[in-house]
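Asker: If you want the building blocks of each chain, they are given just below.
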Amino acid sequence: MADANMKILVVDDFATMRKIIRNLLKELGYGNTDEAEDGARALEKLEEGGFNFVITDWNMPNMPGIELLKAIRQTDGIKDMPVLMVTAEAEKEKVVAAVQARVNNYVVKPFTAAVLKEKIDAIFDKLG
Amino acid sequence: MSAPSNEMDEIIDEFVVESEESLESLDQMFVALEKDPGNTELINEIFRCAHTIKGAAGFLGFTKLVEIAHVTEDVLNKLRKGDLVVTEDIMDAVLKAMDIIKEMLSNIKTKRDEGISPSIEFMQIISEGKSAAVPAAEGGEVEKEDTKAGGEVSPEALEAAVEKREVPSFHKEKEHNIRVDIVKLDEVLNLVGELVLSRNRLMRLGSQLNDTRIEEEIVSHTDEAIAQLDLVTSDLQLAVMKMRMQPIAKVFNKFPRMVRDLARSGGKEIELKVSGEETELDKTVIEEIGDPLIHLIRNSVDHGVESPAEREAAGKPACGVISLSASQEGQNIVVCVEDDGKGMDPEGIKSSAISKGVITPEEAAKLSPKDALDLIFRPGFSTVKQVSDISGRGVGMDVVKTGITNINGLINIESEVGRGTKIIFRLPLTLAIIQILIVKAGSEIYGIPLANVIENIRLHPEDVKTIRGREVVRIRERVLPVARLESIVRPRTGMQRGKSDKIYIVIIGVGEKRFGLLVDELYGQEEIVMKSMGEYMKGTEGVAGASITGDGKVVLILDVASVLTVRRFPLAS
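Line by line, the protein sequences are chains F and S.
Residue numbers 1 to 128, in this note's numbering, belong to the letters of the first sequence in order.
Residue numbers 1 to 573, in this note's numbering, belong to the letters of the second sequence in order.
It is worth saying that the hints were derived from the structure and are not from the lab.
Honestly, I wouldn't trust all of these hints.
Subject to a maximum C-alpha distance of 30 Å in a straight line, what follows is the list of computed DSSO-like cross-link-like pairs (lysine-lysine) [unchecked claim]:
id: 1; chain 1: S; residue 1: Lys64; chain 2: F; residue 2: Lys26
id: 2; chain 1: S; residue 1: Lys502; chain 2: F; residue 2: Lys94
id: 3; chain 1: S; residue 1: Lys102; chain 2: S; residue 2: Lys273
id: 4; chain 1: F; residue 1: Lys109; chain 2: S; residue 2: Lys465
id: 5; chain 1: F; residue 1: Lys119; chain 2: F; residue 2: Lys26
id: 6; chain 1: F; residue 1: Lys126; chain 2: F; residue 2: Lys109
id: 7; chain 1: S; residue 1: Lys250; chain 2: S; residue 2: Lys111
id: 8; chain 1: S; residue 1: Lys35; chain 2: S; residue 2: Lys250
id: 9; chain 1: S; residue 1: Lys502; chain 2: S; residue 2: Lys440
id: 10; chain 1: F; residue 1: Lys70; chain 2: S; residue 2: Lys513
id: 11; chain 1: F; residue 1: Lys45; chain 2: S; residue 2: Lys242
id: 12; chain 1: F; residue 1: Lys26; chain 2: S; residue 2: Lys370
id: 13; chain 1: S; residue 1: Lys109; chain 2: F; residue 2: Lys26
id: 14; chain 1: F; residue 1: Lys94; chain 2: F; residue 2: Lys70
id: 15; chain 1: S; residue 1: Lys422; chain 2: S; residue 2: Lys370
id: 16; chain 1: S; residue 1: Lys111; chain 2: F; residue 2: Lys109
id: 17; chain 1: F; residue 1: Lys92; chain 2: S; residue 2: Lys81
id: 18; chain 1: S; residue 1: Lys422; chain 2: F; residue 2: Lys94
id: 19; chain 1: F; residue 1: Lys109; chain 2: S; residue 2: Lys109
id: 20; chain 1: S; residue 1: Lys465; chain 2: S; residue 2: Lys502
id: 21; chain 1: S; residue 1: Lys273; chain 2: S; residue 2: Lys283
id: 22; chain 1: S; residue 1: Lys35; chain 2: F; residue 2: Lys109
id: 23; chain 1: S; residue 1: Lys366; chain 2: S; residue 2: Lys273
id: 24; chain 1: F; residue 1: Lys109; chain 2: S; residue 2: Lys242
id: 25; chain 1: F; residue 1: Lys79; chain 2: F; residue 2: Lys92
id: 26; chain 1: S; residue 1: Lys111; chain 2: F; residue 2: Lys26
id: 27; chain 1: F; residue 1: Lys92; chain 2: S; residue 2: Lys273
id: 28; chain 1: F; residue 1: Lys126; chain 2: F; residue 2: Lys45
id: 29; chain 1: S; residue 1: Lys356; chain 2: S; residue 2: Lys250
Taking beta-carbon pairs under 7 Å as the criterion, some of the chain S residues facing chain F (in silico) [claimed, not checked]:
id: 30; residue: Glu18
id: 31; residue: Glu21
id: 32; residue: Gly55
id: 33; residue: Cys319
If you want a taste of the chain S side facing chain F, the calculated C-beta under 7 Å gives, among others [what the hints assert, rightly or not]:
id: 34; residue: Ile11
id: 35; residue: Glu14
id: 36; residue: His51
id: 37; residue: Gly58
id: 38; residue: Phe59
id: 39; residue: Thr63
id: 40; residue: Lys273
Note that CB positions come from ideal geometry on N, CA and C, so glycine has one too.
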């Protein structure tokens, strides 16, 4: 089961989106969240430590979500970090690329709190 | 989303602000893309912006916005993949879609609803533009003519489908939110911390001073603490001021698109060169210069730059250049609009002003060429015989001047026939801190904004004459209407003269208007922060606000513009 106190990093270049996702998380009882505006900044924060879970957008300047995912998987200390990828439409090639880069799950925008909960629960049930 | 409604409101407000910011930079990218159609990096950037807005709009339930962003994104995606090539017509369609998105955002801001839905026809035009797409030729160059065959979206069809829309204009309503860089906020916070420390130190020293024995050491510590407080306060003032500063790019970004549209509809070729867009100005000043700049740039496109044929006949390149620039010079920001068009002829302006009754032939004869150019700022003046649909619906140059004067700015024109026109604004960095001349009139201390003080002269009370019941002073062969300063602010105190044998006259002016204020003492100048008068005293005629001087006295700050427009004082002009 997912721990309600786990620290979640929300990564998106659009501030409104970060706020929306953090609000949805709060609604689900996850109040311990932080945010980053792109992959590069996210990686810095993750390397500083303390995070348990990452929700990242795909489409971002500097470092897109897929690159962030790949970087996480190659960085000691955070390589097993669960990552949920947010995509706009279910674009097949994107999902395939994300799965190959060992994403834990993906969610298509726009989504509701219930859908987000399903995805998070699925990830953490699998991890045990 | 089921967030509480006020939280939801906040998110929607942020969404609108953030989306509008992204769209502002988009216009510029579109214009750049038209010039450099193969630039995939630009297309990617534009695509990402539309995509992001669409994503957030989906969460917030703005389905109409999602719909139009989606079709736009599709066209952009085709451009990105090379299935479509950039043509002016495709750009027109995409730009129109952007305008609709902007309108929807502004409706969302006020009504929490997109308000409009793009007509079915418009959506079809956009989607036909993509379905009848002409594949980009492989490897080789693409001729414009070729691409017209299939993927064309005719401007006429667009006009028919979308009700005629104005060139995007600036939001009239003032925005109350400002997005501040965290670095700036941190700086302020840090300084406030310093300020608190200094205050604590002074308070402790103050309590020690209460001891009867004042030791030299305490005095020198007090001096130190005061010096420190002085330093921190000045820095804090600057830092807070900087929080209100925004790059002028916020205004400049809208112009490439505007010039593109105007030039296209006027059959002209114009390149807009923008520089100094990173220059920062107070938010209030930024909001005020938008309209004057729109008007000046319209004028340059409409009346300044000639048609390509005329330009070639005059031996100039067919493509005209309008340069828009901003830079900081000391405590001022200088903004320039310059074109390489036909310029203005002082004699033509004079005869036009005479025929419109703006001035008499005698007055015209006395005017220098430079003063003749300034005639365009007079109300009721326009050198264009035919009102075009570009500048015709705008405001007159007199309104431009008023707008700039309102924010304590100055305008200057330089023009040379055949070579072009340059209009220069000199604007204050901020409106928060002003320089005042401190004077005493009757029993009160007043402050007069230094920007409006023309000169000070010492007189004898008997130099003030009365002509037809009005007080005047003759200065250098000119009769200047005057009044006791305190009689303006407190009319019931009457026109008592001071008893002393000397009196000062402070000549104030806005534009060409002049007026003399009689005062008893001149105390010098000071930099102050103006406070509003509060509910009780609000609207006091002739008073703009109040401040406290270094020695703790309250000064009323004169509202020079209102003093000059009050009818009971005849003005020398």
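Asker: Under the criterion that the straight-line Cα-Cα distance not exceed 30 Å, is the pair Lys366/S, Lys273/S satisfied?
Answerer: violated, 37 Å
Asker: If you draw a straight line from the CA of Lys109/F to the CA of Lys242/S, is it 30 Å or shorter?
Answerer: Violated, at about 38 Å.
Asker: Are the Cα positions of Lys79/F and Lys92/F separated by 30 Å at most?
Answerer: holds, 25 Å
Asker: Quick one, are Lys250/S and Lys111/S close enough, alpha carbons at most 30 Å?
Answerer: Holds, at roughly 24 Å.
Asker: Holds or violated: the hint that Glu21/S contacts chain F, with Cβ atoms closer than 7 Å.
Answerer: Violated, because the Cβ-Cβ distance from Glu21/S to chain F comes to roughly 10 Å (cut-off 7 Å).
Asker: Using 7 Å as the Cβ threshold, decide whether Glu18/S counts as touching chain F.
Answerer: holds, 5 Å
Asker: For Lys126/F and Lys109/F, compute the direct alpha-carbon distance and say whether it is at most 30 Å.
Answerer: Between Lys126/F and Lys109/F the Cα gap is close to 23 Å, so the pair holds against 30 Å.
Asker: Given the hint that Lys111/S pairs with Lys26/F, test it: the Cα-Cα distance must not exceed 30 Å.
Answerer: holds, 27 Å
Asker: Is the interface hint for Cys319/S satisfied, with its Cβ closer than 7 Å to some Cβ of chain F?
Answerer: Not OK, violated: Cys319/S not within 7 Å of chain F, min 33 Å.
Asker: Given the hinted pair Lys422/S and Lys370/S, is their alpha-carbon gap at most 30 Å?
Answerer: Holds: Lys422/S and Lys370/S sit about 13 Å apart, inside 30 Å.
Asker: Any CB of chain F closer than 7 Å to the CB of Gly55/S?
Answerer: holds, 5 Å
Asker: Going straight from one Cα to the other, do Lys273/S and Lys283/S come out at no more than 30 Å?
Answerer: holds, 24 Å
The structure does not agree with the numbered hints 2, 4, 10, 12, 18, 22, 23, 24, 27, 29, 31, 33, 39, 40 stated previously, though it agrees with the rest.
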